[in-house]
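Top line first, the protein sequences correspond to chains A and B. Count the first sequence with UniProt numbering and you get residues 1 to 431, in order. Count the second sequence with UniProt numbering and you get residues 1 to 431, in order.
To be clear, the hints were calculated from the coordinates, so they are not data collected in a lab. Mixed in with the good hints there might be a few duds.
No copy is singled out in the list; a pair is fine if it fits within one copy or between any two copies.
[What the hints assert, rightly or not] Derived lysine to aspartate or glutamate pairs resembling EDC-like cross-links, with alpha carbons at most 16 Å apart:
(1) 108 <-> 328
(2) 145 <-> 26
(3) 108 <-> 82
2 protein chains.
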Amino acid sequence: MKGIGVGLLGFGTVGAGVFHALRNQEDVILKRTESTFEVRAVLVQNADKKRVKEVEPLITTRFDQVMDADVQVVVEAIGGIEPARTYIEQAMVAGCHIVTANKELVAKHGPELERLARNNGVQFLYEASVGGGIPVLGTLLHLLKSNRIYRVSGILNGTTNYILTRMADAGVSFDQILAEAQEKGYAEADPAADVDGFDAVYKLSILGRLAFGAHIPVPEVRRKGIRDVTAAELELIARLGYRLKLLAVGEQYGEMGPISLGVEPTLLPSSHPLASVNGVHNAIHLEGDLVQDVTLVGQGAGEKPTASAVVEDLCNLSLPVPRRSLDEDPLLLPAAESGGTRFVFLNPRNTGILDADTLRQRLESIGLTVEGTAVSSQGGAGLILRRWDPSFASVLVAELGLDLSNLTTRPVFGSQGVQADQQQQVGSGAV
Amino acid sequence: MKGIGVGLLGFGTVGAGVFHALRNQEDVILKRTESTFEVRAVLVQNADKKRVKEVEPLITTRFDQVMDADVQVVVEAIGGIEPARTYIEQAMVAGCHIVTANKELVAKHGPELERLARNNGVQFLYEASVGGGIPVLGTLLHLLKSNRIYRVSGILNGTTNYILTRMADAGVSFDQILAEAQEKGYAEADPAADVDGFDAVYKLSILGRLAFGAHIPVPEVRRKGIRDVTAAELELIARLGYRLKLLAVGEQYGEMGPISLGVEPTLLPSSHPLASVNGVHNAIHLEGDLVQDVTLVGQGAGEKPTASAVVEDLCNLSLPVPRRSLDEDPLLLPAAESGGTRFVFLNPRNTGILDADTLRQRLESIGLTVEGTAVSSQGGAGLILRRWDPSFASVLVAELGLDLSNLTTRPVFGSQGVQADQQQQVGSGAV
Ligand SMILES: NC(=O)c1ccc[n+]([C@@H]2O[C@H](COP(=O)([O-])OP(=O)(O)OC[C@H]3O[C@@H](n4cnc5c(N)ncnc54)[C@H](OP(=O)(O)O)[C@@H]3O)[C@@H](O)[C@H]2O)c1
Ligand SMILES: NC(=O)c1ccc[n+]([C@@H]2O[C@H](COP(=O)([O-])OP(=O)(O)OC[C@H]3O[C@@H](n4cnc5c(N)ncnc54)[C@H](OP(=O)(O)O)[C@@H]3O)[C@@H](O)[C@H]2O)c1
Numbered sequence: 001m002k003g004i005g006v007g008l009l010g011f012g013t014v015g016a017g018v019f020h021a022l023r024n025q026e027d028v029i030l031k032r033t034e035s036t037f038e039v040r041a042v043l044v045q046n047a048d049k050k051r052v053k054e055v056e057p058l059i060t061t062r063f064d065q066v067m068d069a070d071v072q073v074v075v076e077a078i079g080g081i082e083p084a085r086t087y088i089e090q091a092m093v094a095g096c097h098i099v100t101a102n103k104e105l106v107a108k109h110g111p112e113l114e115r116l117a118r119n120n121g122v123q124f125l126y127e128a129s130v131g132g133g134i135p136v137l138g139t140l141l142h143l144l145k146s147n148r149i150y151r152v153s154g155i156l157n158g159t160t161n162y163i164l165t166r167m168a169d170a171g172v173s174f175d176q177i178l179a180e181a182q183e184k185g186y187a188e189a190d191p192a193a194d195v196d197g198f199d200a201v202y203k204l205s206i207l208g209r210l211a212f213g214a215h216i217p218v219p220e221v222r223r224k225g226i227r228d229v230t231a232a233e234l235e236l237i238a239r240l241g242y243r244l245k246l247l248a249v250g251e252q253y254g255e256m257g258p259i260s261l262g263v264e265p266t267l268l269p270s271s272h273p274l275a276s277v278n279g280v281h282n283a284i285h286l287e288g289d290l291v292q293d294v295t296l297v298g299q300g301a302g303e304k305p306t307a308s309a310v311v312e313d314l315c316n317l318s319l320p321v322p323r324r325s326l327d328e329d330p331l332l333l334p335a336a337e338s339g340g341t342r343f344v345f346l347n348p349r350n351t352g353i354l355d356a357d358t359l360r361q362r363l364e365s366i367g368l369t370v371e372g373t374a375v376s377s378q379g380g381a382g383l384i385l386r387r388w389d390p391s392f393a394s395v396l397v398a399e400l401g402l403d404l405s406n407l408t409t410r411p412v413f414g415s416q417g418v419q420a421d422q423q424q425q426v427g428s429g430a431v
Numbered sequence: 001m002k003g004i005g006v007g008l009l010g011f012g013t014v015g016a017g018v019f020h021a022l023r024n025q026e027d028v029i030l031k032r033t034e035s036t037f038e039v040r041a042v043l044v045q046n047a048d049k050k051r052v053k054e055v056e057p058l059i060t061t062r063f064d065q066v067m068d069a070d071v072q073v074v075v076e077a078i079g080g081i082e083p084a085r086t087y088i089e090q091a092m093v094a095g096c097h098i099v100t101a102n103k104e105l106v107a108k109h110g111p112e113l114e115r116l117a118r119n120n121g122v123q124f125l126y127e128a129s130v131g132g133g134i135p136v137l138g139t140l141l142h143l144l145k146s147n148r149i150y151r152v153s154g155i156l157n158g159t160t161n162y163i164l165t166r167m168a169d170a171g172v173s174f175d176q177i178l179a180e181a182q183e184k185g186y187a188e189a190d191p192a193a194d195v196d197g198f199d200a201v202y203k204l205s206i207l208g209r210l211a212f213g214a215h216i217p218v219p220e221v222r223r224k225g226i227r228d229v230t231a232a233e234l235e236l237i238a239r240l241g242y243r244l245k246l247l248a249v250g251e252q253y254g255e256m257g258p259i260s261l262g263v264e265p266t267l268l269p270s271s272h273p274l275a276s277v278n279g280v281h282n283a284i285h286l287e288g289d290l291v292q293d294v295t296l297v298g299q300g301a302g303e304k305p306t307a308s309a310v311v312e313d314l315c316n317l318s319l320p321v322p323r324r325s326l327d328e329d330p331l332l333l334p335a336a337e338s339g340g341t342r343f344v345f346l347n348p349r350n351t352g353i354l355d356a357d358t359l360r361q362r363l364e365s366i367g368l369t370v371e372g373t374a375v376s377s378q379g380g381a382g383l384i385l386r387r388w389d390p391s392f393a394s395v396l397v398a399e400l401g402l403d404l405s406n407l408t409t410r411p412v413f414g415s416q417g418v419q420a421d422q423q424q425q426v427g428s429g430a431v
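Put together the whole structure using the sequences plus the hints.
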């Protein structure tokens, strides 16, 4: 039995979760890994905050005291770039393994930190940074080694998924549901990181690095949030047989080939495995050349699921991490706005005059390929158009006498890009 | 770079898939594991069958020739108990690692084979035996080590899931869809292993062993197939807001506590993550005390997904497998038939007379708790009854003037057992 000393940075949702989990799971961990983990110091910002009794003797506000507490692993659960980054670097240099839940840091500085870890012979693990309890990074690293992953798509932010699910179910506005989510503790007082897509972009960038072995700087990931989604739009999308999700999609076109990464409200056919992932659940759909596809669904956040991911990383500190060469300068492709199927939402104010059939006929008469139309009781209209070309937007505006600002378009998942067909395939052979 | 010699037993769907995968993924495998795998001999039954050119020189019908071909790993893809079992034992004794896709063998003789492997210092891996390409065994072994898993439920057989999905969608009979599935190669000429639930029982028994650390002999797993499911029943179930799945459920009540394992057609609320798993997909829902729940969905069979699982096992031969003590004599609990919610299907011939409201009133008047009723256009009726007790069957029969043979009851998932409430919980805390 080895007693491993843990220094915990942060004692908020994640830090406290890890502290309690290490106590509650101690016997299971011992049985399965022949190790025990002992938290020997806990760094916080505010020394005066009331904490649970058991942790009080371990609390400090000085990082050097954590490093002096005979710790072999540092768990970082502070968040943000500084001081988390400096602490992690110092701990690595001192020979400590690092486990972190900090997606922003891993997305922005992962490659340097990984190099520093390698140079110091320590592990740098961050399962909790993507998808909460869902062991997706471990799956990519250890369980899909022989697969060339060509697409990763996911619902990576529980707050926005909760908001979109509730808006669709209750038919009410973004602002109203956001307020509800804040009240329930599902959304932060400043919701920008979630609703503007930053959080999902961080996670996608981490997933893309593991899946494609390529580092894409965060500012180069396409990003669109959900603030402009309306209940009327969601109603039309549902009637057309789709669901709108804030979808993160990363694709690679051929091994070591160009990559496209983006987070954007996207239509999924109701039958797609991700379409039925509702509420605060997260899900990741992995497509590989051998396995075809695997979807992982689970709790994307919360004290226990996040602690689960951190503690699982602790249990796996001795697992060899497979080598992945990192392409630091991959070719980035913009999102394909051409050729695929696209949803067009025409704002209520302008379309009250039309019924669905007339609309379809008018659009077909000017050469558009209409896959579906729906007109809302509230007056808006939704179209599914195939072989979309960005120039169609101005054609539509002119033909229907609209303002460009009254027209929103969204991608329809699985209809773009070179590998769209592969996505539709179902595993062949005997069952 | 290490060149590892592989002996392949069987060159059917799985064997050939592994052979091709090892060639197609060679560079990826080399990059990530610094190893290459070379198939050095292939055992088949019929020497005269025409095979792809590249494999011809390796083909043999003599197992001793495989062992003489400088192999360090034997991949078993023959199926059935003998001669697979004897070959595996001989290979282990000769110091070879074993990777197998053989669920029947692993379910029936896993514990002995694992002991033999341990005694000979070799690995015995079988990811492909459960869920095709879905890396569920790896997830349980390596990525959920610190979790106490208290329930495993899954759609583990693609053939029956395809049949139930098609029956529900097309509204036609079991026999008709079975014939269709056989034509498409989704079902065997002899469908018993699938439709009577044996295949799912093998897989559940393997999952149960890894999840609960307990060996439950196959004959003791409760088993009910799908032959008695009718299209009329499925129509009513859909109208009540549920889906019928051949669900495999394993539960453990407390650590090292009693266990219940069973495979049975079961109703899932449409919103449950497994309810939307359709066609030949498989899915496994894992519930643990820390992670809350994780669902894995993917291709449960087919050449490539199954080869993926085998090849991933090959890539992981050097990963240390965590210790799990095995309780060889766990206490088995029968399925809880009491206290939970149950669906009752009343056969068409007898209920044409009733409308849903009258039916509900009559049942409530005799003290039953009715959660839902639906009457089919074809004359049958479906009920959802709470706090079911097996004695209700005779009450219903008497009250409605039925024959006992005209009444089928099915469990409703998530409503039984001690931990039913836990299942409904959604992860708390911030998102
Ligand atoms: N919450 C989740 O469900 C979740 C899920 C996945 C990943 N994460 C990630 O996990 C990290 C932590 O999130 P959280 O929700 O646990 O945050 P939190 O509840 O706000 O807790 C932050 C903790 O860090 C401490 N802290 C803040 N600034 C500090 C500083 N300069 N020096 C020392 N300690 C400092 C705070 O100290 P005081 O206690 O004294 O204020 C507090 O204990 C973030 O990177 C987040 O993105 C969170
Ligand atoms: N098919 C799937 O999608 C799938 C998925 C998961 C797991 N599995 C499991 O994988 C195993 C193999 O399935 P499969 O579908 O590949 O079977 P298959 O297509 O029927 O192939 C069986 C192979 O084994 C050979 N064989 C049969 N009896 C033999 C004997 N006595 N001595 C030597 N070779 C013998 C056959 O030789 P000939 O070629 O000469 O006939 C054939 O090459 C089974 O345990 C199955 O449950 C299959």
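Here is how each hint holds up against the structure:
1. 108 <-> 328: For residue 108 and residue 328, only the intra-copy Cα distance (13 Å) is at most 16 Å; the inter-copy one is 49 Å.
2. 145 <-> 26: Classified as between: cross-chain Cα gap 11 Å, same-chain 30 Å, threshold 16 Å.
3. 108 <-> 82: Close inside one copy (12 Å), not across copies (55 Å); limit 16 Å.
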